[in-house]
Amino acid sequence: MSWGTLVQRLFGGKGSKEEARNRLQMVLVLDRLGLSSEQMEALRKDILETISRHIPIDSERVKIDFVHQHTPAEVVINAPVRRVRPTMEAPKQSAG
Amino acid sequence: MSGRAIVITSGKGGVGKTTATANLGVGLAKHGCKVVMVDGDIGLRNLDIIMGLENRIVYHLVDVVRGRCQVRQALVKDKRFPNLCLLPASQVDQKEAITPEQMRDLTAQLREEFDFVLIDCPAGIEQGFRNAVAGADEAIVITTPDVSPVRDADRVIGLLQNSLGDPQLIINRMSPEMVKRGDMLNQQDVLDILAVRLLGIVPEDEEVVIAGNRGAPVILNERSRSGQAYARIVRRILGEDVPIPEFNGNGSFLNRLGRFFLRR
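Residue numbers (my numbering), protein chains in the order written: chain E, 1 to 96; chain H, 1 to 264.
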């Protein structure tokens, strides 16, 4: 262990195995489904589009993860909602 | 009477398939079982040298399949254990020299005579793997607690589940020290990821290298920690309920102290 790592550890830094675990979990879900990273990107785009049609979200910060806490694995989508300032305008009457 | 045919496989090379096959073979023979170890790695045979039997080979697997000799002419008897035999691989042929059907026939023939047929599978998931798996009715998957062997093990487990059902897992070369400081996947991490039954854990041990040098599998060294681990695995294969010792620690004292203060 290098001194840098040692000092980090003394102050409660997590070991590298957490990284191994997370990376493996992600890659194995893709392996098992036979999904390529392009297909993942397409999925991300689709989800983003669908949600933003209804809710304003921060598209830069949308994250898709696979969680293995339970079997079968779960897809977890994190989409931070953008804060929208209320406007003073009277709501428009829908044409009817 | 029909014996059990067990294939020892991993996907990734160099994680300890051959070493495990040799140790399980010797261990089962020590328990009085009649055992044949089949080297399935045609073109890259190694079980012979790990067993210290490299100078006693006359015929090999491909000779048997091609009808150039009888099975019993190709079997190399281990003089240390009268009920332990090796069926060596050919060193000059290719994996394609035999077919899964031929391997199935051969295994069927061997299990008539032996209690255990242990098949040492080559690395990879191509023809060599298909041959080795063809005649087996159980599988043991070996991995080390590193990212690439675990990933490959997952692939192999998927392939095996289609044909043989759930394999059992041996985690090899586990370092208790690295697990303790959080720098190595522990048994629970590996099991969470691979979701199969754990057959045993073999700790990292220099004695394995020494055993290889001498051609005397480490299970013969009863004081070595890896030898003891293999001995426990053998008893589990024979149906005994032997607990698996935990390799998990809560981290070093300073590590825990650091976490304690950070939580405040």
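Honestly, the hints are just simulated from the structure, not real lab data. There's no promise every hint is true.
Said to hold, decoys possible - Straight-line distance between alpha carbons at most 20 Å, and here's what the computed PhoX-like set of lysine-lysine pairs gives:
(1) K77/H <-> K30/H
(2) K95/H <-> K34/H
(3) K17/E <-> K180/H
(4) K14/E <-> K180/H
(5) K79/H <-> K30/H
(6) K95/H <-> K12/H
Note that the coordinates shown come from a computational prediction; the quantities given were computed from them, not determined experimentally.
Just pull the numbers of the violated hints for me, sorted ascending.
Hint check: 2 fails alone, others pass.
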